[in-house]
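Visitor: Sequence:
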Amino acid sequence: MPRRRALRESAVKEGATGFASGSASESASKVAGLLGDLAAGAVSTLVMLCYAMSLGTLVFSADLARYAQLGVPTALVSCIVTAIVISLTSSMRLNIAGPDSNATAFLAGVAAGVASSARADGGSSPTILLTVLISIALCSVLTGIVLLSIGSSKRSRSLQFLPYPVVGGFLAGTGYLLLAGAFRVLTGASPQWQNLGLLAHLHWLAWTPAVFIGVLTTALTRGRQHIAALPIVLLCGIALFYLLLHLAGLSIDDARSMGLLLPHVKLQLFAHLHMPAPLARGAIDWAAIGAHLPETLVVTSVSAITILMNSTAIGAVTGEDIDLNREMRAAGLANIASGLLGGMVGYQSYNRSMLNARAGATSRMAGVFAAIACLVALAASPDLVALFPVPVLVGLQLFMGLRLMLQWLVGAYARLNWYEYALVPGILAVVAFYGVVAGVIAGVIAACVMFALLYGRVSCVRMEFDATTRTSTVERSIEDAARLRELGAQLFGVCLQGFLFFGTANSILQRVRERLDVHDALPVRYVVLDFASTNGMDASVSIAFVKLRQLCATSGADLVLTALPIRSRNLLVKTGTLHLRIREFPTLDAGLEWIEDQLLESDADTDRSGEHDFHTTLAPHFTPCALEKLCGYLEVCDLDAGQPLFSCGEPGDALYIVECGRVAVSLPLLDGRPVRLRSFGPGTIVGEMAVYTQRARSADVIAEAPTRVHRLSVSALLSLERDDPVTAQQFHRFLIKTIASRLAVADEALRAAW
Numbered sequence: 000m001p002r003r004r005a006l007r008e009s010a011v012k013e014g015a016t017g018f019a020s021g022s023a024s025e026s027a028s029k030v031a032g033l034l035g036d037l038a039a040g041a042v043s044t045l046v047m048l049c050y051a052m053s054l055g056t057l058v059f060s061a062d063l064a065r066y067a068q069l070g071v072p073t074a075l076v077s078c079i080v081t082a083i084v085i086s087l088t089s090s091m092r093l094n095i096a097g098p099d100s101n102a103t104a105f106l107a108g109v110a111a112g113v114a115s116s117a118r119a120d121g122g123s124s125p126t127i128l129l130t131v132l133i134s135i136a137l138c139s140v141l142t143g144i145v146l147l148s149i150g151s152s153k154r155s156r157s158l159q160f161l162p163y164p165v166v167g168g169f170l171a172g173t174g175y176l177l178l179a180g181a182f183r184v185l186t187g188a189s190p191q192w193q194n195l196g197l198l199a200h201l202h203w204l205a206w207t208p209a210v211f212i213g214v215l216t217t218a219l220t221r222g223r224q225h226i227a228a229l230p231i232v233l234l235c236g237i238a239l240f241y242l243l244l245h246l247a248g249l250s251i252d253d254a255r256s257m258g259l260l261l262p263h264v265k266l267q268l269f270a271h272l273h274m275p276a277p278l279a280r281g282a283i284d285w286a287a288i289g290a291h292l293p294e295t296l297v298v299t300s301v302s303a304i305t306i307l308m309n310s311t312a313i314g315a316v317t318g319e320d321i322d323l324n325r326e327m328r329a330a331g332l333a334n335i336a337s338g339l340l341g342g343m344v345g346y347q348s349y350n351r352s353m354l355n356a357r358a359g360a361t362s363r364m365a366g367v368f369a370a371i372a373c374l375v376a377l378a379a380s381p382d383l384v385a386l387f388p389v390p391v392l393v394g395l396q397l398f399m400g401l402r403l404m405l406q407w408l409v410g411a412y413a414r415l416n417w418y419e420y421a422l423v424p425g426i427l428a429v430v431a432f433y434g435v436v437a438g439v440i441a442g443v444i445a446a447c448v449m450f451a452l453l454y455g456r457v458s459c460v461r462m463e464f465d466a467t468t469r470t471s472t473v474e475r476s477i478e479d480a481a482r483l484r485e486l487g488a489q490l491f492g493v494c495l496q497g498f499l500f501f502g503t504a505n506s507i508l509q510r511v512r513e514r515l516d517v518h519d520a521l522p523v524r525y526v527v528l529d530f531a532s533t534n535g536m537d538a539s540v541s542i543a544f545v546k547l548r549q550l551c552a553t554s555g556a557d558l559v560l561t562a563l564p565i566r567s568r569n570l571l572v573k574t575g576t577l578h579l580r581i582r583e584f585p586t587l588d589a590g591l592e593w594i595e596d597q598l599l600e601s602d603a604d605t606d607r608s609g610e611h612d613f614h615t616t617l618a619p620h621f622t623p624c625a626l627e628k629l630c631g632y633l634e635v636c637d638l639d640a641g642q643p644l645f646s647c648g649e650p651g652d653a654l655y656i657v658e659c660g661r662v663a664v665s666l667p668l669l670d671g672r673p674v675r676l677r678s679f680g681p682g683t684i685v686g687e688m689a690v691y692t693q694r695a696r697s698a699d700v701i702a703e704a705p706t707r708v709h710r711l712s713v714s715a716l717l718s719l720e721r722d723d724p725v726t727a728q729q730f731h732r733f734l735i736k737t738i739a740s741r742l743a744v745a746d747e748a749l750r751a752a753w
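Using numbering that gives the first Met the number 0, the letters of the sequence shown map in sequence onto residues 0 to 753.
Simulated from the structure, these hints should not be mistaken for lab results. Everything numeric in this text was worked out from a predicted model, so none of it was measured. One thing to keep in mind: the hints can contain errors.
[Stated by the list, open to error] The following label-pair restraints were derived from C-beta to C-beta distances:
(1) 440 with 463: 37 to 43 Å
(2) 472 with 739: 15 to 21 Å
(3) 672 with 405: 57 to 63 Å
(4) 144 with 406: 29 to 35 Å
Beta carbons: idealized from backbone N, C-alpha and C, even for Gly.
Generate the whole structure from the sequences, applying the supplied hints.
Guide: This is how it looks when you write it as structure tokens:
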């Protein structure tokens, strides 16, 4: 007993020690994760601030440059708000969000256009400024509502149907707009040929750090493995600027007067609305905002596409499961909040998220820490923004623009066909010379034309067949099967595929016309179109079917449609096409069965005047004496419709010859529903495989109509082989012919499929 007590006490001590060790390990892991999130948040803070200030400067450039002190706070509001909301609501833990170059490049065009329209309407400076700020905020809210709607309706995947080259053209145009924005920030003028000479008059401090940042960062980030190089290059660029500033003998005030440093700003939400409310409402030029609504919708579209691409790329690299609908909802909520607080459009960023992951982030808190750090830094030292060199921010814009241009003008050349690649520089040229809206319209038109041309070249015909290469699942006698092979050319069938529209419908009509014009074969009596592999059609197809029905009527052929999808059938009903004596069947098998019956009934060489005579059916395969002796071993069985002949799992103790009626072979599924595999008519044999393999029945056989069969049991077959070998030999030869006839049909179907 003392020994057992000692063992129990020892075990309790060891368990307590293990628990304490586990708790300590878990606590250490949490601390390590928290430190990793703090370190990643600190690194991300620098990049987020640089992006926000660079993109804010981009929006308020050229004619709006004098309002730059409000552009940076607008971007910083978006940076902080979207980072917090998306970090907490995204389906991926390490997402970092904020203003992005793609949407901001188009947003800069919206701001410039609204300012120009407000100026043309005679607006004062406060009116122009307030109208621009309101348009930016409304653009964020509108983008948020659309993104939230897409995510809530679970339609995010539909964006993937936008043609890849068109997306490439838009993004190449985005790269151009970023480079054009960098030009406007440096020179204060729009990028036109007559303004290029302004670059020669710039102070060398204005362009040297910009070129250093833009070229070096583009070179280092050509491969995605060097994302951490961005914050390092930015720090080096800032240090280089101040070193060059010292070597040039200029002070910070001199640099600010030359426009090389940002003006003093404060992070205030809608600081420009501190004027009296009636005056503020009256100062907004709503007509100017409405005139540029199409460009605002472009910003929304670009945002949705970029979110899809960025989220997919982040999930692929990090290995996290992504929910695109959730990402859209998160971005929607973030932009609504940002717009209501006066911020610009922002969403998930690939570069910043990857930097966050590689800096050691382990949870969502890294993004929250980065956003809070931005807010605290600006609140504690509001003059911090004023120390950022404008050339470094321009260099960041150059990097973003060059990266997109290289990716889509150089890198895409090896990935796309020449006609697809041609869309990229084409859309880019339209954006550069005629504006964003014209580029979008050109891209949509080009996508439609490319779809029509390329899809029209894809054959909508999956397979052609006749009665020799494609038969129904009805097993027929040897004589009927042979006769159907002789008459097979009287059927011309086409299995269709894909989506049918005006380009493919005419090709179907042309193919049928060519077949009906062939006169060196039997005339076509039945034209079959199978729609089982199609996924829809447009209204123009109904016109082609009217012409097809007229063509068939002229040639004396019946038009048969099978397996029409519900929507396609409803369309043909609305247009009245199905009322033109067009026969329709729910499946191709049902249509083929009806056509085979019609061919056999109208065949002059086949007697269909009365019931099948059992002796007459078997007479070609037996001598009269052998047939008489065989009948002595057979048992007659009469079945009512729905009565089983045998069931799955029963022993294979007999085979059956069908005299009249029809039996169906069906396989019971796991849910209890039967599926019909094949049916057997007069003169056919069923159940022989189980007899020869001596295995249990593999399917159910049920009478589809009142049926008479002749049963030959295994014992009777053994007696026949023993007592009358000649008759048994003729019976086995008849079985071999029957099986060979089935194999011939299967062989023709296989050859046609290949």
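Visitor: State for each hint whether it applies.
Guide: To see whether the hints hold, each was checked on the structure:
1. Range check, residue 440 to residue 463: Cβ separation about 41 Å, and the 37 to 43 Å hint holds.
2. Range check, residue 472 to residue 739: Cβ separation about 19 Å, and the 15 to 21 Å hint holds.
3. Taking 57 to 63 Å as the suggested C-beta distance range, the pair residue 672 and residue 405 conforms, at roughly 58 Å.
4. Distance hint check for residue 144 and residue 406: the Cβ-Cβ separation is about 30 Å, which falls inside the suggested range of 29 to 35 Å.
When each numbered hint is compared with the structure, no violation occurs for any of them.
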